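> In case you want the letters, here they are:
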Amino acid sequence: MRFKDVFSIIGPSMVGPSSSHTAGAVRLGRVARKMFGANLPEQAELILYGSFADTYKGHGTDLALVGGLLDFDTDDPRIRDSLRIAEQAGMSVIFATASQPAGHPNTVTIRLRGGGQPEQSMTGASIGGGNVQISQVNGFDVRFTAMYPTLLVYHRDRKGMVADISRLLSAGNVNIGHMDVDRKSRSGDALTVVETDEAPTPDMLADLERLPDVTRVSFVNLRNG
Amino acid sequence: MRFTTLEQLAQLSETEGLTIGELMLKEQAAESGRPEHEVFRQMADYYGVMKEAVRRGLEEDTRSRSGLTGGDARRVMAHAESSDSNLGYVAERAMAYALAVSEVNASMGRIVATPTAGSCGIIPGVFVSSQERFGWSDETMTYGLFAAGAIGYVIANNSFISGAEGGCQAEVGSAIGMAAGALTELRGGSPWQALHAVGLALKNSLGLICDPVGGLVEIPCIVRNGFGAVTALAAADMALAGVRSVIPSDEVVQVMLEVGSAMPEKHRETAKGGLAQTPTGKRIMQQLYGKGERSAGAVKTVNSEGEAEA
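Residue numbers (the numbering used here), protein chains in the order written: chain A, 1 to 225; chain B, 1001 to 1310.
In short, the hints are calculated from the structure, not lab data.
Straight-line distance between alpha carbons at most 20 angstroms, and here's what the computed SDA-like set of lysine to any residue pairs gives:
1. Lys184/A - Ser121/A
2. Lys57/A - Gly1281/B
3. Lys4/A - Arg1002/B
4. Lys1026/B - Met1/A
5. Lys57/A - Ala98/A
6. Lys1051/B - Pro77/A
7. Lys4/A - Glu1038/B
8. Lys1266/B - Gln100/A
9. Lys1203/B - Asp1237/B
Quick caveat: nothing in here was measured; it's all calculated off a predicted structure.
Next up, chain A with everything else stripped away, as it sits in the complex (with noise of 0.2 angstroms):
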């Protein structure tokens, strides 16, 4: 199912005005910048694909990117400027347009950079009533919809490390609704992504991240602040 419940039907409450190149947008600037960690990047260089890419002036679009890059929610009247206070907090956005078909028409690839950080990638589709779907986190092929608590694990591909994280996880009272591995090679860098039903604590991300092997991990939650 695309669509998991009934307010990504009815909902979000949002600042118009479109579901896809607004809402989405926010939300998908928003996953970029949970991932990116509480600095705010001192750069942000946006690629944006198909209708994105030929409309996003006139629906808002960049202001709405910009709004979830400042962890603005969907209906925050400060979208409007979001232009401005991003310049105004010290981060530079760069927007370019590409032609060439990126899977679904709305989707947009952030790369984040600065405030001592290691850059981070994210490639993410908005595909209709606010609702997103991230294809492409640091060169790994996943899926996740930022819908759930989401955990996104970092780790040397070895044996047991899904068993690992899941005995963690079920240790701390956490049940996983969907998980996805990508690894670049066999024994190589591998990432990890856990939805889950409850946001794990700071404590059980401390400990995820203290697990051998693995070597960093975000944590990207939508549902408060």
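Got chain A sorted already, so can you dock chain B onto it with the hints?
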């Protein structure tokens, strides 16, 4: 969710002795693991946003950022109140309210996507005007939104709800079907009658292309929301009168998928066809985008090779 088709939805409601709205509330609570009262409150809050958007659209300046649209809701409302209109006061008011919410959307105001922002006027237009007419409580209307949401959930997962994917039939058509089914239930129709209302309404939207002038959610989106509210009222009346959708509603949903998938890209929100490419549509686009980029401080626009656009 325990249903994936409209028929399963109606069957489950009947078997469990619940309205579609009541069933959807229980399903949503089970799916999300949240208590029913919390889920209900979220939907009730959304209804509050819808009513506020109707009010703002009729009372405040709704000129869009492009300057192309705004003020039509007030024109239609004044016409409804001052003259003996063709539709009659009830339908014309639903139309005015739908226009109002869509105009608020085009002016970057706050709305609820139902199911999308491009189709955000239809459900509030039908719901708020019907609530005023019949004196229904906000609680009743909130159950109605759950019913509309259940119908939209089936359509979205079996076909599509965005103009970019399936044309305006997917966007405005889905909203009309959702509003028609929910209104049928609110007026005391059975789950089966609500299901027929959905099929009847969707049939009348098949083939509708998405051709926004300048790519904006304004022309023809706003007036299609107004017309959509009236169509939803009509479909609910047909269903309540006992008219059946001879082609089962789930099959109509499949037809929408087929027709939308066959639509050329130019008729799916790209502004490369339809009304967007008429002489006037092209002239508007030229006026909007012909004079260089929007200036925005640190922002610059580049092409995929990293060169600045002219």
